[in-house]
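**Q** Sequence:
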Amino acid sequence: MSAASPSVASRVEGFRREAAQAAATWYDAKGNWLLDSTPPVTRERFWLAFPLYRSGRHAFADAIIRKGKTKAYGARRFDIFETNIAALLLKLHGEAMADDVREKLESLVEDGFHDFPGNRQIDFQFHGYNDNMPAKATLGLILGGERLGHQGAVAHGRWNLEQFRGLLTRRGIHSEYQSPTYTPLTIHAMAELAEHANDPGIRALSRAIEARLWMDVAARFHPGLGLAVGPHSRAYTVDTLGQATVLGGVLWFLLGERVDPSPMELFRPSPKRVYHHQNDLPFNIAQLCWFTSGNFHLPAPAADLFRKKTFPFRAVATTEIGDWGPDLPAHPCRIETLLERDFAVGTADSNWLGGEQAMPYFVNYRKTNGAGRVENRGTVYTKILVDDDRPGFCRDAGVFGRGEADLVPSQSLVRTIQSGRSVLVATHPQLRLGGGEGLPGRSVARLRELVVFPSHFGGGDALLVGGKKRASWSGPFSVGEWVCSRRGRMYIGIRALVWSIPRRAIAHRLVAEGGYEWIESVFYEGRRRRFTREALRGMHGGFLAEHAGVDDFPSLAAFSAWCATATICDSMWSTRWVRIARPASGKRPALDLELSASAGAPLARFAAVDGKVVDTVTPLSIQGIPNASLPFLGGRVSPSPIGIPWSRFQTVWTSRQGGVGDRAKTGVDRPRFTKP
Numbered sequence: 012m013s014a015a016s017p018s019v020a021s022r023v024e025g026f027r028r029e030a031a032q033a034a035a036t037w038y039d040a041k042g043n044w045l046l047d048s049t050p051p052v053t054r055e056r057f058w059l060a061f062p063l064y065r066s067g068r069h070a071f072a073d074a075i076i077r078k079g080k081t082k083a084y085g086a087r088r089f090d091i092f093e094t095n096i097a098a099l100l101l102k103l104h105g106e107a108m109a110d111d112v113r114e115k116l117e118s119l120v121e122d123g124f125h126d127f128p129g130n131r132q133i134d135f136q137f138h139g140y141n142d143n144m145p146a147k148a149t150l151g152l153i154l155g156g157e158r159l160g161h162q163g164a165v166a167h168g169r170w171n172l173e174q175f176r177g178l179l180t181r182r183g184i185h186s187e188y189q190s191p192t193y194t195p196l197t198i199h200a201m202a203e204l205a206e207h208a209n210d211p212g213i214r215a216l217s218r219a220i221e222a223r224l225w226m227d228v229a230a231r232f233h234p235g236l237g238l239a240v241g242p243h244s245r246a247y248t249v250d251t252l253g254q255a256t257v258l259g260g261v262l263w264f265l266l267g268e269r270v271d272p273s274p275m276e277l278f279r280p281s282p283k284r285v286y287h288h289q290n291d292l293p294f295n296i297a298q299l300c301w302f303t304s305g306n307f308h309l310p311a312p313a314a315d316l317f318r319k320k321t322f323p324f325r326a327v328a329t330t331e332i333g334d335w336g337p338d339l340p341a342h343p344c345r346i347e348t349l350l351e352r353d354f355a356v357g358t359a360d361s362n363w364l365g366g367e368q369a370m371p372y373f374v375n376y377r378k379t380n381g382a383g384r385v386e387n388r389g390t391v392y393t394k395i396l397v398d399d400d401r402p403g404f405c406r407d408a409g410v411f412g413r414g415e416a417d418l419v420p421s422q423s424l425v426r427t428i429q430s431g432r433s434v435l436v437a438t439h440p441q442l443r444l445g446g447g448e449g450l451p452g453r454s455v456a457r458l459r460e461l462v463v464f465p466s467h468f469g470g471g472d473a474l475l476v477g478g479k480k481r482a483s484w485s486g487p488f489s490v491g492e493w494v495c496s497r498r499g500r501m502y503i504g505i506r507a508l509v510w511s512i513p514r515r516a517i518a519h520r521l522v523a524e525g526g527y528e529w530i531e532s533v534f535y536e537g538r539r540r541r542f543t544r545e546a547l548r549g550m551h552g553g554f555l556a557e558h559a560g561v562d563d564f565p566s567l568a569a570f571s572a573w574c575a576t577a578t579i580c581d582s583m584w585s586t587r588w589v590r591i592a593r594p595a596s597g598k599r600p601a602l603d604l605e606l607s608a609s610a611g612a613p614l615a616r617f618a619a620v621d622g623k624v625v626d627t628v629t630p631l632s633i634q635g636i637p638n639a640s641l642p643f644l645g646g647r648v649s650p651s652p653i654g655i656p657w658s659r660f661q662t663v664w665t666s667r668q669g670g671v672g673d674r675a676k677t678g679v680d681r682p683r684f685t686k687p
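The sequence shown begins at 12 in the working numbering and counts up one residue at a time.
Hints are computed from structural coordinates only; laboratory data are not their basis. A couple of the hints might just be wrong.
[Said to hold, decoys possible] For lysine-lysine, the following BS3-like pairs were computed, each having C-alpha atoms within a straight-line distance of at most 27 Å:
no.: 1; residue 1: K41; residue 2: K80
no.: 2; residue 1: K115; residue 2: K78
no.: 3; residue 1: K320; residue 2: K80
no.: 4; residue 1: K102; residue 2: K41
no.: 5; residue 1: K115; residue 2: K82
no.: 6; residue 1: K320; residue 2: K283
no.: 7; residue 1: K378; residue 2: K320
no.: 8; residue 1: K479; residue 2: K598
no.: 9; residue 1: K82; residue 2: K41
no.: 10; residue 1: K320; residue 2: K480
no.: 11; residue 1: K598; residue 2: K623
no.: 12; residue 1: K598; residue 2: K676
Given these sequences and hints, build the entire structure.
**A** Given below as structure tokens:
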């Protein structure tokens, strides 16, 4: 799997062995699903085949693959997962397959060389969306193209890599930044290309991209907490809880017991923990089998950052977000994470696409001085929710088991400013809730903003509201009151900034329900109605958040009193203007945060910390790591590769129109696919 370490190999082989044994209880010898539940989709069958071939159970792997069916578009089959998992299966285990299985996968891979549908669909490029998709497409084009002799497919894959290089010379990190589910998929695709591509130039470029992606993960890995921290582009429930994430599983393979939880617990799950796909354990196990095929290449600086850090530790990066329709145009995004000994605070200054899955404000903390185990950790995040959406909502998996819903979608447009441990979050509900530009709008009965504290293993240790003790996490509180809580080794204070035009009473309350505690500010609650876009422009949300270690103040009361020294200005006339001023006190210097932004705009008019405009230009800043020492940084910005390699501006999932004004003549223009 990497690092050529016996301990890494032992962990990987242990997981493969248990996965192969589990597979024998899920499928019979002919590949039929045995459990009393809906059979898994084809990608899960393909994932699971890796350890079976590896352990010599070739006939069993063949049987499981034979039963898999890929969606057909006319005579052509394509799936962004299955097509490209097949390419790697052929590369690693093609000679162990039965002839019919090998031919099935080769035909599937070849179908993927096309553009509608196929890996060459125009949306499978690195242009501000879910990068794991073009990464998988690039893997299939290059490894599949090399195997089957399709030079046009390889050329298109190389074009994609050059586009990725261009992104990483302009910006610090890929667009689908720090996703505990999807970042590992992008790294994995680059690692497999670096290991297995025949072309030495492709191997070198892929390995350099992989190194850059590892640097950002390593910079945000907290050794004391045992997981990667900071804001996420795309997060599911297990990610927001910091439990059994895909990234955590991959890091456990590489780093061992410093990471928790171990993916080995998927074979002996804890009833108190949450697993992806509503506790669908076969899915989780099969997915990690995909990563055990990998040969990851950790650069030395990343390996050092994973092992140790000097606190406080700061990492900042920029990226680019694609267009997501009305009110959500393409834009750059700034990501910042501060790691302290007992907690970490991270922000993204703007939405990732529609913001439904994103965690633009995210806090991790530990409860005691002990190891960073799941039960000893906590998280904090924020969402704007509609109607009965709530944390902890459960549903059936559809395949196996029942558990918390994978996603409770947020309806928030967010802008943040971070100055160390202090964060200003300014929000408002998505204007698309009011319709417009082809969108129908949505009627709502309840619209509220939450600051969420998952409490599956215990809630807050102490609570002050407006400086007064509160016996339980429940009941209303007044406008302007600070909610301050001690949560293990961290103090956190939240001051809601929720109001509306025209001015009306906003209900603020504390709620404890379903393993969560949250602060709730209600924009609207009543009969079902549809708000106009103009009415939504008048709903202003957000909060000021302060964070401290328990050793920084003599008590929660002292921390609460310090929080209350902030002076807050918040008004709206064409643009919202928020300013926070705090005098110097004790160990903390004076603070001045200022933000101005229009409702519906993805970026602020300006954001400033202590009178200085926030830097959104520097692509990457990792404490102690010179940019010039990293691939693609420190020199000239690489432009996107010349040429337009798409013959059709069309995808199977959208009617969006595209076109070409001028098409440069290059070797990747409309390559012909002919069998050798």
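**Q** For each hint, tell me whether it holds in the structure or not.
**A** Here's how the hints hold up against the structure:
Of the supplied pair hints, the one linking K41 and K80 holds, its CA atoms being roughly 15 Å apart against a limit of 27 Å. Using a Cα cut-off of 27 Å, the hinted pair K115 and K78 holds, with the two alpha carbons roughly 11 Å apart. For the hint pairing K320 with K80, the CA-to-CA distance comes to about 47 Å; that exceeds 27 Å, so the pair is violated. Pair hint K102 plus K41 holds up; C-alpha atoms about 24 Å apart against a cutoff of 27 Å.
Under the criterion of a C-alpha separation no larger than 27 Å, the hint pairing K115 with K82 is consistent with the structure, at around 14 Å. Straight-line distance between C-alpha atoms of K320 and K283 comes to about 31 Å, which puts the hinted pair past the 27 Å bound. At roughly 20 Å between alpha-carbon atoms, K378 and K320 fall within 27 Å of each other, so this suggested pair holds. Using a Cα cut-off of 27 Å, the hinted pair K479 and K598 holds, with the two alpha carbons roughly 24 Å apart.
Taking the CA atoms of K82 and K41, the gap is about 21 Å. The hint holds against a cut of 27 Å. With a C-alpha separation of about 36 Å, the suggested pairing of K320 with K480 is violated against the 27 Å cut-off. At roughly 22 Å between alpha-carbon atoms, K598 and K623 fall within 27 Å of each other, so this suggested pair holds. For a cut-off of 27 Å, the pair hint linking K598 to K676 is broken: about 62 Å separates their Cα positions.
Checked against the numbered hints listed earlier, the structure breaks hints 3, 6, 10, 12; every other hint is satisfied.
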